[in-house]
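Model the full structure from these sequences, guided by the hints.
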Amino acid sequence: MIDLTKYLEDFPILQRTVRGGNRLVYLDSGATSQKPEVVIAAESNFYRKHNSAVHRGAHLLAEEASLAYESARENVAKFIGAEIVETIFTKSATESINALAYSFSNSEPGSKFHLKSGDEILVSEMEHHANLIPWQQLAKRTGAKLRWFEVTPEGRLDLSKISELINKKTKIVAITHQSNVLGSITPLSKITAAAKSVGAIVVLDACQSVPHFEVNVKKLDVDFIAFSGHKMLGPTGIGVLWGRQSLLEEMPPFLFGGSMIDSVTMEQSTWAELPRKFEAGVPNMAQAVGLSAAVDYINQIGISNIHEHENQLTKALLAGLAHMQGVKVIGPTDLTERGAVVSFTVDGIHPHDVGQVLDQYGIAVRTGHHCAWPLMRKLNVVGTTRASFHLYNSISDVEKLLEGIAQVQSYFKVNK
Amino acid sequence: MELDSLYQEVILDHYRNPHHKGLSGEFDVQVKHNNPSCGDEVTLNLSISNGVIKGISWDGVGCSISMASVSMMSDLVIDQQYSRAVEILNQFTSLMQSKGQSKGDEELLEDAVAFAGVSKFPARIKCALLGWMAFKDASSQAME
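Protein chains in written order, with numbering that gives the first Met the number 0: chain D, 0 to 415; chain B, 0 to 143.
One should not assume that every hint holds.
[Said to hold, decoys possible] Per the computed footprint, the stretches of chain B lying under chain D, defined by three or more beta-carbons under 8 Å from a beta-carbon of chain D, are:
| hint | segment |
| --- | --- |
| 1 | 3-14 |
| 2 | 43-52 |
| 3 | 57-63 |
| 4 | 118-128 |
[As the list claims (entries may be wrong)] DEER-style ranges, computed between Cβ atoms:
| hint | chain 1 | residue 1 | chain 2 | residue 2 | range |
| --- | --- | --- | --- | --- | --- |
| 5 | D | Gly319 | B | Lys20 | 28 to 36 Å |
| 6 | B | Lys20 | D | Lys115 | 29 to 37 Å |
| 7 | B | Asp27 | D | Ser43 | 56 to 64 Å |
| 8 | D | Asn21 | B | Lys102 | 26 to 34 Å |
| 9 | B | Met0 | D | Asp346 | 16 to 24 Å |
| 10 | B | Gln100 | D | Asn215 | 49 to 57 Å |
| 11 | B | Lys102 | D | Gln324 | 35 to 43 Å |
| 12 | B | Pro121 | D | Gln135 | 25 to 33 Å |
| 13 | D | Gln406 | B | Lys119 | 17 to 25 Å |
| 14 | D | Val263 | B | Gln100 | 44 to 52 Å |
| 15 | B | Met0 | D | Ser159 | 46 to 54 Å |
| 16 | D | Glu336 | B | Asp104 | 52 to 60 Å |
| 17 | D | Pro108 | B | Asn89 | 32 to 40 Å |
| 18 | B | Met0 | D | Val37 | 31 to 39 Å |
[What the hints assert, rightly or not] Residues of chain B clear of chain D, computed beta-carbon distances all greater than 10 Å:
| hint | residue |
| --- | --- |
| 19 | Met0 |
| 20 | Asp74 |
| 21 | Gln90 |
| 22 | Lys102 |
| 23 | Asp104 |
| 24 | Ala141 |
Simulated from the structure, these hints should not be mistaken for lab results. Backbone N, C-alpha and C fix where the C-beta goes; we use that ideal spot for every residue, glycine too.
Spelled out as C-alpha cells, the structure:
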C-alpha cells in the first residue's frame, strides 16, 4: 500500500471546514485540483520578487523573469519527455486545442494542415466539449466532415469500426487520453498505428492523464498533446501545447502580436523561432512558474506513486459502489485501462440532488453532464455524479463518500 | 439541518408527483428551455385566451428543485389573468434573488414560498427558475 497521508498537510485548503462544519472531502480533482503551499508560494514569490515582462527589457528583473519562465518550460518539457522548443505555454488546454484548430484554418492549400471538403476529422463520443467543439467548428469552416468513434455500453471506446473510420480521407484524429466522465483510458497504440498508416495527424487531449500517470510524448507516438496546469496541482491560467518540432515549424501561428515575431514592417512580418512563434503577448509568467513548482512537487512524490495511490482509491470506491443497491457505475467497473474518475447514478435521484446532499456532509463532487453532453445522450442518462481523486485523497474520503451516498438515499427515501 | 430548508416536503411531493406533466396536444405556444450548466430541460406548452392562462402542460428532465418548481408554477398561473401571472412570476423571481432574506408573499405564491430556502443556495436558483423562465418566454410570445 502506498501511503501519501503525510502530504495532506501541504494543502492549505484541506485544513478548512465546509458546510455543516465538516472537513472538506474534495472529490472534484477532475475539474480542478487543489494546490500545495509550494505552488501558491512560487506564484506569489514571482510577483513579490521577479515580476517583469519576459524576453524584453534591459534590467535585472527582466533577466530573472525570463530565466524563471524558461526554466519552467524546461521543467515541464522534461516532465513529459519533450524537447524544450516543442513545449508551448498557453492559457489553458482549451486554448491549446483551439490554437491547433485555428492554426490549421490558417494554413495554405497544399499544406498537410489544410482541410477541405472531402477530408475527415475523427473524434470520439466521449470527448470533453473542449476537444469536440473546436474540431466540429473547424469542420464547418473548412467543409471537412466530422466523424467519431462510438462508445460501448461498458463505457469503452468502440474500435470495431476503426478500419473504416481511419481512412485515406482522415486528416486529423483528436482523441482524449482518458475520459473525464467514464475514467476509461484510450487504447492509443491501435489508433496511432492506423492514423500513421494514412498520414493523419493525432491530437491527444491529455488533461486527465498528465496529472495522474506517466505521459511521455516520445513513447506515445502522437503529434500534439494538450493539457492544463490547474488539474495537476498548478495554477489556473496556464496550459501546455506540445507538438512535434517539424510540425510546429510548418504550422502557421494563430495568435499574432508581440513576442512571436522575427521582423515586422508595415506590410509584412516573419515569425520567431519555436516556441515563441506560438506565444504572442506577455505570457502568464507567474502561472508558468507555479506550474513548474507543481511539477517539482509531483516529481518529489513520484507520478507512479500517485498513480498507484489513486488506483487503490478507485478500486475501493468501485468495490464499495458495487455493494450498494440502486447505484450504478457509469464507466468500466474494473481497473483495467482505467483512471481515478468514477461516475455513477443513484436510482430515483437526480445527480444535482445527490451532489447537494453530499455537500451537506462536506463532500465535494461534480454533477451534471461534465462538459460531455453528447456522451450523456449516448449513455441515456441526464447526467452523473462524479468522484475524482488526486494524491491528497485518502481511503477515509472513499468511506465518507460511500456513507454519504447511503445518506442521500435515505434523505430522499428511495428504495435501496 | 440546513438541507431541510432547501428540500421542503411540499417540494419533494411535487417532484414525486408532478402536476400538469405530460404534453397536451393543444397549445398556442411551445417553448423549450434548458440549463446548460447542468443539462436540465423543460418543454412547456401554453394556451392563452382573452388574456387568461388557460392551460399549461410540460415535460422535462431535471433535479427535484427544477421539476417541482415547474409543477407548482403551473398550478399557480393556470386560470390567472396574464397580468396577475406576471405579478406572481415577478414575486417568485425576487424571492429567488433574496439570498435567504425573504419568506415570500404567501398570498401570491401559496405553496411556492417553500422555495424561499433555495435562494440561500446560489447554484440552485437557476434550477428553481427554469420552468418560470419558460413560462415567461411562452406567455410573452403568446401576448405579442
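Verification of the hints:
Requiring three or more residues with a Cβ within less than 8 Å of a Cβ of chain D, the coverage given for the segment 3-14 of chain B holds, as 3 such residues are present. Given a C-beta distance limit of less than 8 Å, the hint that chain D covers the segment 43-52 of chain B is violated, as 0 residues qualify and 3 are needed. Restraint check on the segment 57-63 of chain B versus chain D: 4 residues with Cβ-Cβ distances below 8 Å, three needed, restraint holds. For the segment 118-128 of chain B, the proposed coverage by chain D is satisfied: 3 residues have a C-beta within less than 8 Å of a C-beta in that chain, meeting the threshold of three.
The hinted window of 28 to 36 Å between Gly319(D) and Lys20(B) holds, with their beta carbons roughly 35 Å apart. For Lys20(B) and Lys115(D), the hinted distance range of 29 to 37 Å is not satisfied, since their beta carbons lie about 49 Å from each other. Judged by the Cβ atoms, the range 56 to 64 Å given for Asp27(B) and Ser43(D) holds: they are separated by roughly 59 Å. A hinted range of 26 to 34 Å holds for the C-beta pair Asn21(D) and Lys102(B), which are about 28 Å apart.
A hinted range of 16 to 24 Å holds for the C-beta pair Met0(B) and Asp346(D), which are about 23 Å apart. Gln100(B) and Asn215(D) have their C-beta atoms about 55 Å apart, which keeps the hinted 49 to 57 Å range intact. In this structure, Lys102(B) and Gln324(D) meet the distance hint of 35 to 43 Å, their C-beta atoms being roughly 39 Å apart. Judged by the Cβ atoms, the range 25 to 33 Å given for Pro121(B) and Gln135(D) holds: they are separated by roughly 31 Å.
Look at Gln406(D) against Lys119(B): about 20 Å separates their beta carbons, and that is inside 17 to 25 Å. Between Val263(D) and Gln100(B) the CB atoms are about 57 Å apart, so this pair departs from the stated range of 44 to 52 Å. Evaluation of the 46 to 54 Å hint for Met0(B) and Ser159(D) yields a pass: the beta carbon distance comes to about 49 Å. For the pair Glu336(D) and Asp104(B), the beta carbons lie near 57 Å from each other, so the given range of 52 to 60 Å is met.
Under the hint 32 to 40 Å, the C-beta atoms of Pro108(D) and Asn89(B), about 57 Å apart, miss the expected range. Under the hint 31 to 39 Å, the C-beta atoms of Met0(B) and Val37(D), about 38 Å apart, fit the expected range. Listed as outside the interface, Met0(B) is inconsistent with that label: its C-beta sits roughly 7 Å from the nearest C-beta of chain D, within the 10 Å cut-off. Interface exclusion of Asp74(B) from chain D stands, the closest Cβ pair being 21 Å apart, more than 10 Å.
The non-interface label for Gln90(B) is consistent with chain D: the shortest C-beta to C-beta separation is roughly 25 Å, beyond 10 Å. Once the 10 Å rule is applied to beta carbons, Lys102(B) is consistent with being away from chain D; the minimum gap is 21 Å. Every beta carbon of chain D lies more than 10 Å from that of Asp104(B), the smallest distance being close to 26 Å; the non-interface claim holds. With 10 Å as the threshold on Cβ separation, the claim that Ala141(B) sits away from chain D holds: the shortest Cβ distance comes to roughly 29 Å.
The structure is inconsistent with the numbered hints 2, 6, 14, 17 and 19, although it conforms to all the rest.
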